[in-house]
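One letter stands for each residue in the lines below.
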Amino acid sequence: MKRMLKTVVAASIALTASVASLTAKADEVNVLMFGMPYTNGLQALAADFEAETGIKANIDVVGQDVFENRITLTFTGGTGDIDVVHTPVIQVQRWIQAGWLQPMTDAVAEMPGAADILAGPLGAYNVNGDQWALPFFAGVGLMSYREDVLEAAGVGVPETWAEMLEIAPKISNDEHAAIALRAVPGQGFNMFIFPMVMRAYGGSFFADYEGGDLTPAINSPENVEALKVYVELINEYGPEGAGNFNFAEVNAAAQNGQIVFAVEGTGIISQIVDPDKSRFAENTGIALPPGGPAGRSPAIGVHGMGIPASAANPDLAAKFIEWAVSAETVSKIALAQSFPDFTTASVAENPDVVAKYAAIHPDFLSTRVAALDLAIGHYRPLIPEWPALGQAIGESVNAAINGLMSPEDALEQAEQDMRDILGL
Amino acid sequence: MIDNSDAYRQKRRFGMAVMILLLVFAALPTVWVLILSLRQPFAIFEPIWESPLALTLENFFKITRSDFPRALLNSFATAGLSTAFAMLVGVPAGFALAKARLAGKFMASWVLLLLRMAPPVGFVIPLFLAYVNAGLIDTYTGLVFAYMTLTLPLVVWSMWNSFAQVPDELIEAAIMDDASLAQAFFLVALPAARPGAVAAAILAFLVAWNDFFYALIITRSDTATAPVAVMNFISYDSVDWASIAVASIALTLPILPLMAIANRYIVQSLSGAVKG
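Which chain is which? The protein sequence lines are A and E, in order.
So in our numbering, spot 3 of the first sequence is number 3, and the numbers just go up one at a time.
So in our numbering, spot 119 of the second sequence is number 119, and the numbers just go up one at a time.
Calculated directly from the structure, the hints in this document are not laboratory data.
Among the clues, some could well be false.
Simulated restraints, written as ranges between beta carbons of each label pair [stated by the list, open to error]:
| hint | chain 1 | residue 1 | chain 2 | residue 2 | range |
| --- | --- | --- | --- | --- | --- |
| 1 | A | ASP276 | E | PRO47 | 38 to 48 angstroms |
| 2 | A | GLU408 | E | SER51 | 53 to 63 angstroms |
| 3 | E | LEU22 | A | ASP276 | 41 to 51 angstroms |
| 4 | E | ALA182 | A | THR72 | 44 to 54 angstroms |
| 5 | E | LEU53 | A | GLY243 | 50 to 60 angstroms |
| 6 | E | ASP222 | A | ALA345 | 30 to 40 angstroms |
We treat Cβ as the ideally placed atom computed from N, Cα and C, and that holds for glycine.
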């Protein structure tokens, strides 16, 4: 018993001595990101940053749920334990309104590398005349398709969602379904994909977003028509259980040959056409997502890095961000990871990067650029209320897919939810 | 008398069938996770009968190259230390509360119960702020202290009950034979309450081992525990189901023998280890 007591006391002394403060170390920068190819690659290069600058970067890459919980505490508590935070563009307005981010305008003005960032994604972080983050990722919506199946059925690649509906019955059989689309509710889940159909049919979230009229218009006839198409594609021509699919299930279904078409973000499409990951990669083609009477509107999702208002070391944070989006760092990550979504323009001129992605699929980078050109910055509205709005609309869309409501009733419900959230 | 009637046999068969059905139902998630952990990545979503041979051990090797093994060690260290400290403080506390004539015992019992009843989310923000200011974020010390808010009330409450079952006469006899209070505690009361102590230690370890919430807010990359590390296999554009399955198995395996031991001692402690 005495020996046990001694061991426990010794352990407690050793533990107490091991207490290490994280707060405000002058030569360290604390970075919190959520897992994606870029952030994983960045974490692996932390030693490079220290070697170049003498500043130690503690780069924490966590799951998205873990990330949400941690930043909520840091932001609301103003604790200063994070210097650089992963900043999805979809959240930036809300974070600015809540006073959780600090502007980087002056710091960015002194960064020569900032001129190398694509103007669209960079501008997405310019709010009220200030720059709030620098982008590192711009994922766009693309479509993958099984060339062999289309050839056997004697049909071409659909240019519109209406054509997709015509082709779908001709290619659905016991071996494979025609298409899978995200159905799980969420502003980053079904509301990343559904607006592509919505906008193709001329629908929008508000009466006149660009003109400043934010009266909800989600129950418009165009949106109802789009939702009917979405529901029909998933329920009539999707694989079993498609009403609960998210990106992971769509990805797996395409890689396993269970579907012919996938309309997804570049991160998923790059995995579907990668021969190391997909059994049908060699027979898979890439195209722009289908359009409609109002044209084509590929989805776009931008991620960047910002500095929390409470950051203990904002100067070091700005230095870190400058290094993290530099052509050299991004090129290294694009080569080491599956990361074709870079926003640093000159990386696309790096012959090694071009060769790598051409080897995965010859059309990948060119189709991505074409989709980026077509994508509109406010594909999902850039307003502080969007996360709540997106969740509410996504739930109604999911309810229509799963037969809990008709498309008309679902969008009426979404309209009411939007009014409630906006206080109208 | 043995009942050999047809009606009895039928009832017995029906009972067995229900038990087997319930057992299969309860075991299904575990079996599913085991199958997932052995599936090749492309076959994760395929029914097992479509590609029964698409099996691999690579998922197990892959996870050893991630941060998960370190997180597993962190779980062991923090759950073990918080249990040890809780026992160190909680067992004598339980003895004192059970045997000493103390004022405010009733109040103490309520405070302990309240500590057990209060949901951690209720005091997470003040705890987090205090930890940030004290430099305890991402430290083993911080996590062990936080876990003690879970383990200590459990140990004290359960040891209070265990020591209450030890007859006062045993301790009085030891003291009359010139034993000091410490000797009476270590040599008489504690051995008599051993089943309760083992059960309390195992339950405390399991509570800390399974914790997600405290680890989520207090740890960062250095001290992240296994339940939090599992969540890191879900990223922006992929869900690594195979790694999640392997990690779930790794999280479950170490506690299986503990559960077996706990089962025995909990029954003993509940049925009264010491007959007066």
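| Broken hints, by number | 1, 2 and 5
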